[in-house]
Amino acid sequence: MAQPIRTRMGDGELVMMPAQEIKEDILEGSKDAAERGNIPELSTEELDKLFNIIAEPGRIVSVEPGEEVVVIDDGSVLGLISEQGDSGAGLPLSRSQAILTYERACGADTVLMPHHDFSFKPVKSIINYETQEYYTVSQMTTAPLFYGAQPNMGLYYRPDGPCENPSELLPLGKIKEARQAQLDAAAMMEDDIVDVFKELNNVGLEGINLDTCGSAGDADLMAALNACLRIKKINPDMPVVMGMSSEFVLGMHGEVEFDGKRLAGMYPHKQVEVVEKAGADIFGPAINVNTSESIPWNLSRAVTFIKAASEVSNIPVYPNVGMGVCGIPMLESSAVDCVTRASKALVQIGKADGL
Amino acid sequence: MPIAHILASCMGGIRTAGDLVAWMQMTKKMRLNEAKLYVADKLGIAVMDLINEDVMRPLREELGIGTSIAIPGAVKGIIAKHNIAKLLDIEINSVNLFHSKLK
Numbered sequence: 076m077a078q079p080i081r082t083r084m085g086d087g088e089l090v091m092m093p094a095q096e097i098k099e100d101i102l103e104g105s106k107d108a109a110e111r112g113n114i115p116e117l118s119t120e121e122l123d124k125l126f127n128i129i130a131e132p133g134r135i136v137s138v139e140p141g142e143e144v145v146v147i148d149d150g151s152v153l154g155l156i157s158e159q160g161d162s163g164a165g166l167p168l169s170r171s172q173a174i175l176t177y178e179r180a181c182g183a184d185t186v187l188m189p190h191h192d193f194s195f196k197p198v199k200s201i202i203n204y205e206t207q208e209y210y211t212v213s214q215m216t217t218a219p220l221f222y223g224a225q226p227n228m229g230l231y232y233r234p235d236g237p238c239e240n241p242s243e244l245l246p247l248g249k250i251k252e253a254r255q256a257q258l259d260a261a262a263m264m265e266d267d268i269v270d271v272f273k274e275l276n277n278v279g280l281e282g283i284n285l286d287t288c289g290s291a292g293d294a295d296l297m298a299a300l301n302a303c304l305r306i307k308k309i310n311p312d313m314p315v316v317m318g319m320s321s322e323f324v325l326g327m328h329g330e331v332e333f334d335g336k337r338l339a340g341m342y343p344h345k346q347v348e349v350v351e352k353a354g355a356d357i358f359g360p361a362i363n364v365n366t367s368e369s370i371p372w373n374l375s376r377a378v379t380f381i382k383a384a385s386e387v388s389n390i391p392v393y394p395n396v397g398m399g400v401c402g403i404p405m406l407e408s409s410a411v412d413c414v415t416r417a418s419k420a421l422v423q424i425g426k427a428d429g430l
Numbered sequence: 008m009p010i011a012h013i014l015a016s017c018m019g020g021i022r023t024a025g026d027l028v029a030w031m032q033m034t035k036k037m038r039l040n041e042a043k044l045y046v047a048d049k050l051g052i053a054v055m056d057l058i059n060e061d062v063m064r065p066l067r068e069e070l071g072i073g074t075s076i077a078i079p080g081a082v083k084g085i086i087a088k089h090n091i092a093k094l095l096d097i098e099i100n101s102v103n104l105f106h107s108k109l110k
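Chains as they are written, first to last, in our numbering: chain A, 76 to 430; chain B, 8 to 110.
Worth flagging that the hints you see were computed from the coordinates, not collected in a lab.
Remember, predicted model here, so these are calculated numbers, not experimental data.
Each residue gets a CB set at the ideal place from its N, CA and C atoms; glycine is no exception.
Each hint should be verified, as a subset may be incorrect.
[Claimed, not checked] 20 Å max Cα-Cα, derived EDC-like pairs, lysine to aspartate or glutamate:
1) A:Lys273 - B:Glu98
2) A:Lys308 - B:Glu98
3) A:Lys352 - A:Glu332
4) B:Lys36 - A:Asp312
[Stated by the list, open to error] Residues of chain B placed beyond 12 Å of chain A at every Cβ, according to the derived structure:
5) Asp48
6) Lys49
7) Gly51
8) Pro65
9) Leu66
10) Glu69
11) Gly80
12) Lys93
13) Lys110
Please put together the full structure from these sequences, using the hints given.
What follows is the structure, encoded as structure tokens:
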């Protein structure tokens with residue numbers, strides 16, 4: 076009987092699974108994505124390829140020479156200098172030192188300047204500090220330097236913000252009021268993103284990453300898409316990355332639309348259509364991880380969704396591959412065996428243009 | 008986490024030609040293969056050499072497009088990006104700002 080194969084659960088627990096069980100999980104994961112998204116399952120050949128990636132005996136795996144993709148980030152330098160909230164190492168480096176370390180010592184394809192809070196709302200009040208540091212760093216970096224933050228509409232609700240909180244209104248049956256609160260918050264958030272962009276654009280911004288779009292639901296995504304439209308109107312050459320918060324747009328409002336399409340319920344292969352329409356240059360889908368299922372199940376599911384999005388997309392597709400998305404275990408200390416397998420599978424089978 | 012992805016599937020940034028391919032994807036919306044072909048053509052090398060350190064290390068120094076190695080006096084930063092914008096025929100906002108400040 077063949078030796079069981081070393082893999083993990085979605086929460087990172089190390090498990091030894093028989094090959095047949097892994098094959099069954101891969102098949103089930105792909106079926107789950109296909110049913111939810113109404114997209115094709117992986118072919119027999121692709122399922123076999125994914126099994127072989129998972130079953131590779133090496134501790135870490137990689138793509139073959141010539142298959143490399145562009146790897147960008149949404150705040151990797153925080154992993155060097157920040158604290159536990161970002162799985163950070165807490166190194167006593169400045170943000171600019173961390174960016175240059177990531178560019179020159181790590182060989183990243185692009186770099187990104189993040190605000191520690193990583194949301195546009197708190198950036199607005201310290202924008203002069205951000206523009207000064209961005210300008211200084213942009214004189215030193217050679218790789219593309221993005222500025223990135225989350226739209227994060229939740230910050231506009233009470234008690235953190237001025238708008239009524241839909242999570243309090245909805246249980247009271249105040250549907251109309253909850254929807255209005257979301258529209259109010261969306262308008263404020265859209266203006267904040269554009270205001271921050273304008274200031275950075277004036278100091279030579281090379282690209283902007285709207286990360287974790289839709290985290291507060293469909294109105295959050297709508298505001299980010301509208302902000303992207305406005306950014307492109309101000310500077311048509313400005314590269315915009317739009318990364319998603321999850322595989323499915325939550326219908327917290329339920330009725331908001333973009334380009335005549337209802338946003339609630341969209342999966343990645345539909346999300347990319349509205350992201351393209353907004354003028355974004357790179358789309359970053361995020362596929363949820365189920366911590367109770369195995370990584371073969373989760374990764375197969377992620378690859379199925381990403382392949383479907385990549386096939387219909389006219390712009391580069393860069394799946395999010397941080398903790399707890401796209402087949403990466405929900406584990407504070409990343410498990411490199413799974414990280415590298417996800418990397419390889421998303422490129423080789425998911426046809427990702429980057430990560 | 009990002010280091011693991013860099014080792015598994017990344018083009019290599021300024022060690023090779025990863026930043027150049029990234030510029031084409033983000034400024035021209037090019038899909039991966041199109042961007043690689045475009046950059047290889049501009050550099051006058053084979054696509055497979057885009058990730059070949061042995062080719063890219065001296066070529067980057069020769070073209071003045073920045074290297075990961077600290078070479079005293081060699082081009083880096085905004086001057087490298089000026090050369091990259093020219094080489095790839097793209098607009099880079101920081102470079103345009105730099106040009107606008109020159110007397």
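Hints, verified against the model:
1. Distance hint between lysine 273 (chain A) and glutamate 98 (chain B) is fulfilled; the C-alpha atoms sit about 18 Å from each other, no more than 20 Å.
2. Proximity of lysine 308 (chain A) to glutamate 98 (chain B) is assessed by CA-CA distance (about 16 Å); at most 20 Å being required, the pair is judged to hold.
3. Between the alpha carbons of lysine 352 (chain A) and glutamate 332 (chain A) the distance comes to roughly 13 Å, so the proposed pair stays at or under 20 Å and holds.
4. Distance restraint check for lysine 36 (chain B) and aspartate 312 (chain A): the Cα-Cα separation of roughly 11 Å lies within the 20 Å cut-off, and the hinted pair is therefore satisfied.
5. Under the 12 Å C-beta cut-off, the non-interface status given to aspartate 48 (chain B) relative to chain A holds; the minimum distance is some 16 Å.
6. The claim that lysine 49 (chain B) is not at the interface with chain A holds, since no C-beta of that chain comes within 12 Å of its own (minimum 16 Å).
7. No Cβ of chain A approaches the Cβ of glycine 51 (chain B) within 12 Å, the least distance being about 18 Å, so the stated non-interface status holds.
8. Distance check on proline 65 (chain B): its Cβ is at least 16 Å (rounded) from any Cβ of chain A, clearing the 12 Å threshold; non-interface status holds.
9. Every CB of chain A is more than 12 Å from the CB of leucine 66 (chain B) (nearest about 14 Å), matching its label as outside the interface.
10. The Cβ of glutamate 69 (chain B) lies farther than 12 Å from every Cβ of chain A, with a closest approach of about 15 Å, so its non-interface assignment holds.
11. Interface exclusion of glycine 80 (chain B) from chain A stands, the closest Cβ pair being 15 Å apart, more than 12 Å.
12. Against chain A, the non-interface label of lysine 93 (chain B) holds: every CB pair exceeds 12 Å, the least being about 14 Å.
13. Every C-beta of chain A lies more than 12 Å from that of lysine 110 (chain B), the closest at about 17 Å, which supports listing it as non-interface.
Against the hints set out earlier in the document, no violation occurs for any number.
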